[in-house]
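Take the given structure of chain A and dock chain B to it, following the hints.
Going down the list, the sequences are from chains A and B. Just so you know, our numbering puts 73 at position 73 of the first sequence, and the rest follows in order with no gaps. Just so you know, our numbering puts 651 at position 330 of the second sequence, and the rest follows in order with no gaps.
Mixed in with the good hints there might be a few duds.
A short list of chain B residues far from chain A (calculated; beta carbon distances all over 10 Å) [unchecked claim]:
(1) F353
(2) A372
(3) P400
(4) P405
(5) I427
(6) G429
(7) R430
(8) D526
(9) R600
(10) D641
(11) T649
Quick list of the computed label-pair ranges, beta carbon to beta carbon [to be verified]:
(12) L154/A with D563/B: 27 to 37 Å
(13) L154/A with M633/B: 49 to 59 Å
(14) R620/B with S41/A: 44 to 54 Å
(15) G204/A with H646/B: 44 to 54 Å
(16) G497/B with S41/A: 19 to 29 Å
(17) S41/A with E607/B: 46 to 56 Å
(18) T225/A with A610/B: 56 to 66 Å
(19) G204/A with D636/B: 27 to 37 Å
(20) S41/A with N617/B: 45 to 55 Å
Just so you know, these hints were derived from the structure itself, not from any lab. None of the values given here were measured: they were computed from a predicted structure. For every residue, glycine included, the Cβ atom is placed at its ideal position computed from N, Cα and C.
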Amino acid sequence: MPEKTAEPEKNLTGKTTAAVPVPAAAVEAGPAPDKARSLWSDAWYDLRRQPMFLVSSLLILLLVVMSFAPGLFTSASPRDADLAAHYLQPPNWSHFFAEDWLGYDGQGRSIYARIIYGARASIMVGLGVTILVTVFGTLMGMMAGYFGGWIDSLLSRLTDVFFGIPFLLGALVILTTFENRTVWVVILALAFLGWTSIARVARGSVITVKQSDYVVAAKALGASTSRIMFRHILPNALAPIIVVATIALGGYIAAEATLSFLGVGLAEPTVSWGVDVATGRSQLRNAPFTLIIPSVMVSITVLSFLMFGDAVRNALDPKLR
Amino acid sequence: MSIIDKTDAVLEPESVGFEGPLLDVRDLHVEFHTRDGVAKAVNGVNYSVDAGETLAVLGESGSGKSVTAQAIMGILDMPPGRIPRGEIMFRGQDMLKMSEEQRRRIRGRKIAMIFQDALSSLNPVLSVGYQLGEMYRVHEGLSKKAAKAKAIEMMDRVKIPAAAARVNDYPHQFSGGMRQRIMIAMALALEPDLIIADEPTTALDVTVQAQVMDLLAELQREYQMGLILITHDLGVVADVADKIAVMYAGRIVERAPVHELYKNPGHPYTKGLLESIPRLDQKGQELYAIKGLPPNLTRIPGGCAFNPRCPMAQDVCRTDVPPLHPMTAPDGTELVGRASACHFWKETVNG
Numbered sequence: 001m002p003e004k005t006a007e008p009e010k011n012l013t014g015k016t017t018a019a020v021p022v023p024a025a026a027v028e029a030g031p032a033p034d035k036a037r038s039l040w041s042d043a044w045y046d047l048r049r050q051p052m053f054l055v056s057s058l059l060i061l062l063l064v065v066m067s068f069a070p071g072l073f074t075s076a077s078p079r080d081a082d083l084a085a086h087y088l089q090p091p092n093w094s095h096f097f098a099e100d101w102l103g104y105d106g107q108g109r110s111i112y113a114r115i116i117y118g119a120r121a122s123i124m125v126g127l128g129v130t131i132l133v134t135v136f137g138t139l140m141g142m143m144a145g146y147f148g149g150w151i152d153s154l155l156s157r158l159t160d161v162f163f164g165i166p167f168l169l170g171a172l173v174i175l176t177t178f179e180n181r182t183v184w185v186v187i188l189a190l191a192f193l194g195w196t197s198i199a200r201v202a203r204g205s206v207i208t209v210k211q212s213d214y215v216v217a218a219k220a221l222g223a224s225t226s227r228i229m230f231r232h233i234l235p236n237a238l239a240p241i242i243v244v245a246t247i248a249l250g251g252y253i254a255a256e257a258t259l260s261f262l263g264v265g266l267a268e269p270t271v272s273w274g275v276d277v278a279t280g281r282s283q284l285r286n287a288p289f290t291l292i293i294p295s296v297m298v299s300i301t302v303l304s305f306l307m308f309g310d311a312v313r314n315a316l317d318p319k320l321r
Numbered sequence: 322m323s324i325i326d327k328t329d330a331v332l333e334p335e336s337v338g339f340e341g342p343l344l345d346v347r348d349l350h351v352e353f354h355t356r357d358g359v360a361k362a363v364n365g366v367n368y369s370v371d372a373g374e375t376l377a378v379l380g381e382s383g384s385g386k387s388v389t390a391q392a393i394m395g396i397l398d399m400p401p402g403r404i405p406r407g408e409i410m411f412r413g414q415d416m417l418k419m420s421e422e423q424r425r426r427i428r429g430r431k432i433a434m435i436f437q438d439a440l441s442s443l444n445p446v447l448s449v450g451y452q453l454g455e456m457y458r459v460h461e462g463l464s465k466k467a468a469k470a471k472a473i474e475m476m477d478r479v480k481i482p483a484a485a486a487r488v489n490d491y492p493h494q495f496s497g498g499m500r501q502r503i504m505i506a507m508a509l510a511l512e513p514d515l516i517i518a519d520e521p522t523t524a525l526d527v528t529v530q531a532q533v534m535d536l537l538a539e540l541q542r543e544y545q546m547g548l549i550l551i552t553h554d555l556g557v558v559a560d561v562a563d564k565i566a567v568m569y570a571g572r573i574v575e576r577a578p579v580h581e582l583y584k585n586p587g588h589p590y591t592k593g594l595l596e597s598i599p600r601l602d603q604k605g606q607e608l609y610a611i612k613g614l615p616p617n618l619t620r621i622p623g624g625c626a627f628n629p630r631c632p633m634a635q636d637v638c639r640t641d642v643p644p645l646h647p648m649t650a651p652d653g654t655e656l657v658g659r660a661s662a663c664h665f666w667k668e669t670v671n672g
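Looking at chain A on its own, in the form it has when it is part of the complex:
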């Protein structure tokens, strides 16, 4: 790291407080290589140079836009069924982005429209579960790791109990008890079972950071417990948590599709790729595209999030640099 004790800026040599906003603004301008670089700005600098990150984040951006503004992509409705006109009409590959581009399913609905509208369920489940799981898991792991002793034993055993429940089986059991399975029910069910991996990572990470000298120093200079936890430990323990969370995000999307396929996740009339895969299965022989197209969308989405998570891990883990 270049030593810069002899800062050339002449206008800043005085100790007037008026000079303060100048460097503050300079830092916010971005991570120019010779300006202040934290772990996060370093990571961002790395990320922008990774093709894997660029491709995956573009795809994710596209999916997010799709889920919030499906009207931008198609004017067709995913629920307009015209059996007489379009029953299993095959894709017309020359009509890019038209209603009949990807063909029609067994109920005469535009597959293209269903793909566009189906993104919302996947993205909402993925993001929703990840946010819930990260917040709750981090809190649990941080309390266990920071306080140690009987609190750690209690929380860690609780984590083990939840970890012991097989994810899909547990989700099946929970979801079958609900009559009306909305996206929120699926999110809560997956989050209820999924927080353990984050809690474990957070606990380990907090224990490592807790022993570092700067935490002892902060304590010696009179910082309170909550300040030590949230200002000094959390930002330093966050990197592995974010990595696990971004990689798990793809898994939650796949889990939603799986559950919907099995008939216990989302159900009609909710538009979801998993539901479409399930209905497409019965037409596998005469119209395979009704099954393949939504499956491919699930794969692409999961893959983008996995690649995104990988790229973030590479950027945040200094040992891999």
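Below, chain B alone, put in the same frame as chain A:
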């Protein structure tokens, strides 16, 4: 009787009108319960520091000097560590009897600490200005802007060039000496009454050591603070300290005003330490070293803990623990501030 009155009495002990040493450690014992048994890290340490005074605590690794400091700060890991006996009187109040909240209010504001490795003692994800400003925001409730202005002022105080331009830099962008200055600035931010510096120059380049020590001494004079300087480097101590306490195996083995200790050590261990400093006029000769290793703290030898390594050891050293004898000159006059925990201190001083 409200709770606020009580905490205020602790926060402003001056109002009690206490006369006496700023910090008085009395018969402090610290032990660690480990799988191999009980490690007795500190075994009855007594020392005191007045305002404006510098006490150097000298000793090898494992002599208990850092553990004593951690006990004073209240940052010992208490499940393995335990304080079975002793008092730590700060302005006449025993800190070991205070609640955790009362102690936290003293930390940073009344007693602050400087650590050995400034890089690992500064949070890597926060800018130095933020960390310095945190002292003012947490303890004095200043706004972000005012705290930053104070941080720049403090960085100027510890002579960091272009403080205003560097306030948003991160710890890894500073050199070792500059980082230690920032640590010093953090410790001094609230003008505490007492600073504990745990080997503040050990991790630094020799050329920077003197600068940092001078800065520390200068600021101490300016603020009239008490300073406990923990070190194993005899060279660092000579210029800044007023008095020295030499520790061995968790006990103080010798106490003396700084120059008298160098001139005429009163304990064989101190003598050995002084003789093991390399000297230019003895170039080519073999360097003296104290034989053996410091004792295992779970099995401290009986009698004087230093006896297995002591060139002067007699039978009495293996059976009787020597008390800290006040020392007298050969003509019987008392040597002020001098004491030695050696059965044969007279022979040591004269021989």
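Each hint tested on the structure:
1. F353: holds, 16 Å
2. A372: holds, 20 Å
3. P400: violated, 7 Å
4. P405: At roughly 20 Å from the nearest Cβ of chain A, P405/B sits farther out than 10 Å, so the non-interface label holds.
5. I427: violated, 8 Å
6. G429: violated, 3 Å
7. R430: At roughly 6 Å from the nearest Cβ of chain A, R430/B sits no farther out than 10 Å, so the non-interface label is violated.
8. D526: holds, 13 Å
9. R600: holds, 34 Å
10. D641: Check passes; 38 Å lies beyond 10 Å.
11. T649: holds, 40 Å
12. L154/A with D563/B: 27 to 37 Å: violated, 51 Å
13. L154/A with M633/B: 49 to 59 Å: holds, 57 Å
14. R620/B with S41/A: 44 to 54 Å: This hint holds: roughly 51 Å between Cβ atoms.
15. G204/A with H646/B: 44 to 54 Å: holds, 52 Å
16. G497/B with S41/A: 19 to 29 Å: Holds: the Cβ-Cβ distance is about 23 Å, inside 19 to 29 Å.
17. S41/A with E607/B: 46 to 56 Å: This hint holds: roughly 54 Å between Cβ atoms.
18. T225/A with A610/B: 56 to 66 Å: violated, 45 Å
19. G204/A with D636/B: 27 to 37 Å: Hint violated: Cβ distance 54 Å, outside 27 to 37 Å.
20. S41/A with N617/B: 45 to 55 Å: The hint (45 to 55 Å, Cβ to Cβ) holds, given that S41/A and N617/B are roughly 47 Å apart.
Violated hints, listed in ascending order, are 3, 5, 6, 7, 12, 18, 19; each of the other numbered hints is respected by the structure.
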